Each structure stands twice: as C-alpha cells, then as structure tokens.
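**Q** This is what each chain is made of:
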Amino acid sequence: EAQVTQNPRYLITVTGKKLTVTCSQNMNHEYMSWYRQDPGLGLRQIYYSMNVEVTDKGDVPEGYKVSRKEKRNFPLILESPSPNQTSLYFCASSFGRTREQYFGPGTRLTVT
Amino acid sequence: GEDVEQSLFLSVREGDSSVINCTYTDSSSTYLYWYKQEPGAGLQLLTYIFSNMDMKQDQRLTVLLNKKDKHLSLRIADTQTGDSAIYFCAENTGTASKLTFGTGTRLQVTL
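The listed protein sequences correspond, in order, to chains A and B.
Those letters in the first sequence? Residues -15 to 96, per this note's numbering, in order.
Those letters in the second sequence? Residues 86 to 196, per this note's numbering, in order.
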C-alpha cells in the first residue's frame, strides 16, 4: 500500500531534550516536506527536500533540522525543543508536475 | 507576500450545497488544491486545478477559479454528514514542493 508513515504518532517531552520524528514514504517520490499545524494558522512548511542531499528552508525553519540521506526517509530533528514547538506535525511527499502532496497521519508533539 | 485566506467556519444542512471560498495573493501560482482533513487524520487531496482553467468538476465537487480576483471556491453538492471536516485550500507557488496553505474552513453538516 502506497503511504507516508510517521513515528511516533504522539510524543510528550521536556524542554531541551533532543528528539527525532521519522518519516518514510514507499512511493519513490522525489519531494518531501515537513509542516506544522497550529490552530488558526493552518499548515506552515518547516523544511522541504527536492531530492537526496537537497534540502531547503520553508516558512518556519527555526529550531528544526532535517536530513535526506535516502530517498524514502526524511527525519525531522529538534535539537533543543521548546514549548512553542508544541504542535501537530505532518510529513508529506509529492512528485511530478502537479506536486500533489501525500500526507502522513501526523505526530502530535507536546513540549513541557 | 503569500497569504491564503479562508473563512473559519461553515454550517450547512444535509442535502444542501456547500461552498467554501478561498482567496490567494500569489498570481504566479501554477496549481491550486483542495485538501480535506477529518478529525485525528492527515490531509487528503480532494482535487486540484491548473491555473489556466476556470472550472473543474469531479463527481459532487466543483472547483471554480477566478484568476482576476485570485479567488478559488469548492462547491460540494448534496452535502452529507461524512463531508464534515476541515477543508484547506493551497497554492503551489512554483518552487518544487512548496505549498502555501490557507487557515482551513471547518464544515459542519447538520441533519
């Protein structure tokens, strides 16, 4: 089944404790992105990747890191999480001219 | 700048038509999309329209695009309770994998 998977689905952590949210897609898509969803703000792009080893900042990259060592994986790293990074995070992959994005199920992160 | 605006809430009766509106500011957008988010789930692509089209119909869904006014709408005919969700419009601003999303419209379908 074609899909985007994220892990973990739920995470509660404390300020400053490094964490990684994994994202994997099995559709051989070139493009992958991370978004955060906050009430009243819609989805905002954090980082995106156009291919292996090619990444770029989205609209809200501060406090986040990404890497793209393999085509299928695009982990999101929070080196020192802070409470303002409490949010719902989505990974997405896309391909082709239309760039229609396929979303993962989301990761709800709470930083206390 | 790139701002995509939507009204926050819409309530319709089952069987009526729903119209969800969206305005965007980037005239260079190539594709415009409608996504649906059900509670506790990710976003699901409903439909998209190429910027040189005025209208696209897909079963109960009709998308209208007015490029002059930078206005996009999604009409759902014969709205059902299963259509209750948050609907997001989004624009592709040309950069690979760069989508700008609206704030979402929560559609409530009442009996």
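No lab work stands behind these hints, which were simulated from the structure alone.
Since we're looking at a predicted model, the values are computed, not measured.
Some hints here could point you the wrong way.
[What the hints assert, rightly or not] Pairs of lysine-lysine residues, derived as DSBU-like cross-links and limited to a Cα-Cα distance of at most 30 Å, are as follows: (1) B/153 - B/183; (2) B/153 - B/141; (3) A/55 - B/141; (4) B/153 - A/2; (5) B/153 - A/55.
[What the hints assert, rightly or not] Sample of chain A residues facing chain B (criterion: CB under 7 Å; computed from the structure): (6) -8; (7) -6; (8) -3; (9) 26; (10) 41; (11) 72; (12) 84; (13) 87; (14) 89; (15) 90.
[As the list claims (entries may be wrong)] Restraint-style ranges between C-beta atoms, simulated for each label pair: (16) B/112 - A/25: 35 to 43 Å; (17) B/123 - A/67: 23 to 31 Å; (18) A/38 - B/125: 28 to 36 Å.
Positions of the beta carbon are idealized from the N, C-alpha and C atoms, including for glycine.
**Q** Against this structure, judge whether each hint is valid.
**A** Cross-check of the supplied hints:
1. B/153 - B/183: holds (23 Å)
2. B/153 - B/141: Within the cut-off at roughly 17 Å; holds.
3. A/55 - B/141: With a Cα-Cα distance of about 33 Å, the restraint between residue 55 of chain A and residue 141 of chain B is violated, given a limit of 30 Å.
4. B/153 - A/2: violated (47 Å)
5. B/153 - A/55: The hint is violated at about 39 Å.
6. -8: Residue -8 of chain A check fails; min Cβ-Cβ to chain B is 15 Å, beyond 7 Å.
7. -6: violated (11 Å)
8. -3: violated (21 Å)
9. 26: Constraint on residue 26 of chain A satisfied, holds at 4 Å.
10. 41: violated (10 Å)
11. 72: violated (10 Å)
12. 84: holds (5 Å)
13. 87: holds (4 Å)
14. 89: Cβ of residue 89 of chain A sits 5 Å from chain B, so the hint holds.
15. 90: It holds, given that the least Cβ distance between residue 90 of chain A and chain B is near 5 Å, below 7 Å.
16. B/112 - A/25: 35 to 43 Å: violated (23 Å)
17. B/123 - A/67: 23 to 31 Å: holds (28 Å)
18. A/38 - B/125: 28 to 36 Å: holds (33 Å)
Violated hints for the displayed structure, listed by number in ascending order: 3, 4, 5, 6, 7, 8, 10, 11 and 16.
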